[in-house]
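Asks: Chains H, X and L, in that order, give the protein sequences. Using our numbering, the first residue of the first sequence is number 995, and each one after it goes up by one. Using our numbering, the first residue of the second sequence is number 4, and each one after it goes up by one. Using our numbering, the first residue of the third sequence is number 326, and each one after it goes up by one.
Just so you know, not all the hints are guaranteed correct.
[Stated by the list, open to error] Across the chosen pairs, the derived CB separations fall in these ranges:
#	chain 1	residue 1	chain 2	residue 2	range
1	X	LYS137	H	LYS998	15 to 23 Å
2	X	LYS140	L	GLU838	53 to 61 Å
3	H	SER1095	L	GLU838	22 to 30 Å
4	H	GLN1062	L	VAL485	50 to 58 Å
5	H	GLN1062	L	LYS358	56 to 64 Å
Simulated from the structure, these hints should not be mistaken for lab results. The beta-carbon is built from N, C-alpha and C at its ideal position, and this holds for glycine as well.
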Amino acid sequence: MLEKVANGVLKGDVRSIARAISIVENNESEAEKLINILYPHTKGAYIIGLTGSPGVGKSTLADKLIAQFRGVGYNLAVLAVDPSSPFTGGAFLGDRLRMQSHALDRGVFIRSMGTRGSLGGLSPAISDAIKVLDAGGKEVLLVETVGVGQAEVDIVSTADTVVLVLVPGLGDDIQVNKAGIMEIADIFVVNKADREGVNRVVTEVRMMLDIAYGKKKNEWVPPIIKTIAEKGDGVEELVDAIGKHREYLKESGALQQRRSKRIKWELENTLQHKISRYLEEYVLHEVEVDYLEKIMRREVSNYAAAEEILGRILRKEGVVDEC
Amino acid sequence: MAESKRIRVLIAKPGLDGHDRGAKVIARALRDAGMEVIYTGLRQTPEQIVESAIQEDVDAIGISILSGAHNYYFPKIIELLKERNADDIIVFGGGVIPEDDIPGLLKAGVKAIFTPGTPTTAAIDFLKKAVAEKGRKEEVA
Amino acid sequence: MFKEEELRKVSQKRGEWEEKTKKVLEKHPEMKKEFYTLSEIPVERVYTPEHVRNMDYVRDLGFPGDYPYTRGVQPTMYRGRLWTLREYAGFATAEESNKRYKYLIEQGQMGLSVAFDLPTQIGYDSDHPMAHGEVGKVGVAIDSLKDMEILFDGIPLDKVSTSMTINAPATVIWAMYIAVAEKQGVPMEKLRGTIQNDILKEYIARGTYIFPPGPSLKLIRDTFEFGTQKVPLWNTISISGYHIREAGSTAVQEVAFTLADGIAYVDAAVKAGLDPNKFGQRLSFFFNAQQDFLEEIAKFRAARRLWARIMRERFGVTNPRALTLRFHTQTAGVSLTAQQPMVNIIRTTLEALSAVLGGTQSMHTNSYDEALALPSEESVTIAMRTQQVIAYESGVTNTVDPLAGSYYIEYLTNEIERRAMEYIKKIDELGGMLAAIEKGYPQQEIQNSAYNYQKAVESGERIVVGVNKFVVEEEEMPKNLLKVDPQIEVEQSKRLKELRENRDNLRVKTVLEDIRKVAEEGKENLMPYFIEAVKAYATEGEICQVLRDVYGEYKEKVIL
Chain H
995 MLEKVANGVL KGDVRSIARA ISIVENNESE AEKLINILYP HTKGAYIIGL TGSPGVGKST
1055 LADKLIAQFR GVGYNLAVLA VDPSSPFTGG AFLGDRLRMQ SHALDRGVFI RSMGTRGSLG
1115 GLSPAISDAI KVLDAGGKEV LLVETVGVGQ AEVDIVSTAD TVVLVLVPGL GDDIQVNKAG
1175 IMEIADIFVV NKADREGVNR VVTEVRMMLD IAYGKKKNEW VPPIIKTIAE KGDGVEELVD
1235 AIGKHREYLK ESGALQQRRS KRIKWELENT LQHKISRYLE EYVLHEVEVD YLEKIMRREV
1295 SNYAAAEEIL GRILRKEGVV DEC
Chain X
4 MAESKRIRVL IAKPGLDGHD RGAKVIARAL RDAGMEVIYT GLRQTPEQIV ESAIQEDVDA
64 IGISILSGAH NYYFPKIIEL LKERNADDII VFGGGVIPED DIPGLLKAGV KAIFTPGTPT
124 TAAIDFLKKA VAEKGRKEEV A
Chain L
326 MFKEEELRKV SQKRGEWEEK TKKVLEKHPE MKKEFYTLSE IPVERVYTPE HVRNMDYVRD
386 LGFPGDYPYT RGVQPTMYRG RLWTLREYAG FATAEESNKR YKYLIEQGQM GLSVAFDLPT
446 QIGYDSDHPM AHGEVGKVGV AIDSLKDMEI LFDGIPLDKV STSMTINAPA TVIWAMYIAV
506 AEKQGVPMEK LRGTIQNDIL KEYIARGTYI FPPGPSLKLI RDTFEFGTQK VPLWNTISIS
566 GYHIREAGST AVQEVAFTLA DGIAYVDAAV KAGLDPNKFG QRLSFFFNAQ QDFLEEIAKF
626 RAARRLWARI MRERFGVTNP RALTLRFHTQ TAGVSLTAQQ PMVNIIRTTL EALSAVLGGT
686 QSMHTNSYDE ALALPSEESV TIAMRTQQVI AYESGVTNTV DPLAGSYYIE YLTNEIERRA
746 MEYIKKIDEL GGMLAAIEKG YPQQEIQNSA YNYQKAVESG ERIVVGVNKF VVEEEEMPKN
806 LLKVDPQIEV EQSKRLKELR ENRDNLRVKT VLEDIRKVAE EGKENLMPYF IEAVKAYATE
866 GEICQVLRDV YGEYKEKVIL
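The shape of chain H in the complex, shown without the other chains (with noise of 0.2 Å):
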């Protein structure tokens, strides 16, 4: 059956991609096995990041370059991802209704993820979800996330150009100040272009960057684009401006390296999710009971407990020598 999926994706079929990424976002054990025949395939997508707070229009705005991409013949994927409930685990997914008007284009494949509980890091899932699409054929993906918190952080750990979409009269200040915002927009973009109040937020953003960028050369320096999303306006500008952010990329090895950076930050993430995952049932399973007791006694303080037992796992794995 997976296999059947896996040949699907790498043949660009729409069904089987849509089911591997359904896959990636529930089974694990089944995800890592479809992740393993798929991603020798993968060829390096390029991975924009849409970020802002909810209401600044960054599906209108994504639309938008959806049509521009697909007037230059790429072939590409968005990932609209919304926030789940913490609640009840639900979401309502409604970035997708903005750019229903590709919904017939059969080089633009979209689809909405809801973060699942991922409160630090943007999930796996979508990590994946990108490596599925990546094999499947696209060229160009377009991950959109609601800057709110964490997610906004850690975009720029999934993309290569990262787009941070503000809008004049949204408490200009809040939106500039937040701390790490400055550091990861590769492009700034003030949409609603037409409001009051436009120029104060373009001069606040450049405020910034000049303190953050001012002294160095050689660097890319964040460009802000005004933009007017549902007309249109701007936008050509901004593909510009990505094209120009992946040139400077790839001529000054900055992709590699932050490419570099990503499989880097994965792995770690994928071997301590496996180490917890691990711990649990073996520490579950055997030894918990004794030490409970022994902390409970105070016998042992957790410190001294906690390394005993990782002694005896790393024995256990033949990693370390019985002394």
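Since the structure of chain H is already known, use the hints to place chains X and L on it.
Replies: Relative to the frame of chain H, chains X and L by itself:
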């Protein structure tokens, strides 16, 4: 770590009907019941609905029609799903649909019609059961 | 209105009474811990002069026909003339609708109300791909002047007033109506009627929009101007709260958002140089009559007073005729149940009565089978009789605003006005209704109310007879529901083909070009051009396509 499977539902408004109160109330109720709800918005063609359902790999499509055009849209959508080999996707719906028309729709492949006055819990229970059924069938296959 | 001395006596007496009541409550508690209106306004056990202590009769109530019009827009009200019985109708083809109109007029209807199908409402001809399955279903299919001629065949347009529920393409349909009248020999100055023409509520609650807000407002301004100059007896807009309420809003939100829409329209017209004292006379409104009987009565009165105050204080209007909020009412569609449908007759009766006690100028009562289909001849007759019994047998029309002075009614009227003003202030802060819609504010409010209502019904907190209480398990469904023949679509498409073959296509091309030029330039009034175009038998779809090309299409804002 990937979380346990979530039921994914596409809520669609085909045709020109602009009354979305019901669709939005259902969408919200399903979300509160832990499902992932993708809403297509108004003025969707059957083709757009089916294509979206496939890309999103949904378990079910919920169609809301108050304009009397149900005898056209439901069968059309089911027909397209069949063409794309996606007729395992559960089709259900609601709106202004006379009793007389319901048997015809069920025969065409619609799994359930929820008429005005049906509590949202009915739709939620139906979906949970129907998706579980589907899961069992797939395991056996 | 009350002397301090009086009020003190009342307060004292109430204190004693509450003490006594405590003992009663211990043995017989009330059915609920707290009581609320449908709009979540808390309701007390008893209302007294204390609740309206600051009211000034002359300032706050006045006499009917006098500012602030709380008691009515006109001094004699139903003693002089009853509200217009105006049943919304239209389905399938122009011929069938024409037959239904003649039937209704025979049965006592005083004014026509035209329902158009969805393709017509959204500017598509019956053979457009988006029209599949929708032709003639929710109203009559009108593709060209030919259909309009058939629709009004044998109906003298100088004798009936016609209300047309058409919004985005209202200009085009109005142009057709004017052209039909011309053919009948009736000049524009004599035409009476209404076009709904309220695009803002389409964005908020109804969904049959075409163009974005800017161009839509321009078209609306054109109608105001054209109406004021050429069709003075015509109501060029029916600012609607009905649909906002149907979408789930509370009564307070219904008033607030409707009047906020009104403010936006008046603003736009004033900015374009039009005089509110003139066009203000022809603004009309359209409200819902929902189930909280007393709240609805108070709502209508509050709306009248609030609008008069707004027009005078905000826009400096002095012409009394431009201060009055005249309205049409429809009983609440969402209150109809599919279960035990005959019970809907009772619901509709109470709703209709509240509208009469609230001083409506015209009314549509729903038919009992409308949760299932469009009204049959039998069911619409009962709907009409409902109004007729109220009008001729109940006696409530013998005096104006009979519930004035009721402590509860006056308290609620004040309360609804106050709460509505808070919303309007909030909307002002957001930058006006257009900005608020863009930000999704009214939509979000409405959805929250809709969801809360649903939860209340499902938890049993709100009772709906026949649905969550007094349910009949196996009931018999009404027979003879109206069905629209799907062949209609084929028929209309054939007609369109014939029309296009037999008309002067060169002339059509010219008039469409003219429209394009004027629309692009954006200054001239488009109405005369629409009239020329429809007379040349350009179709509604063709005209709207030109406008779509020039203006673009609106994309909805969805918030959940």
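Asks: Each of the hints needs a verdict: does it hold here or not?
Replies: Status of each hint after checking the structure:
no.	hint	result
1	LYS137/X x LYS998/H: 15 to 23 Å	18 Å, holds
2	LYS140/X x GLU838/L: 53 to 61 Å	60 Å, holds
3	SER1095/H x GLU838/L: 22 to 30 Å	28 Å, holds
4	GLN1062/H x VAL485/L: 50 to 58 Å	54 Å, holds
5	GLN1062/H x LYS358/L: 56 to 64 Å	59 Å, holds
Violated hints are absent here; each numbered hint is respected by the structure.
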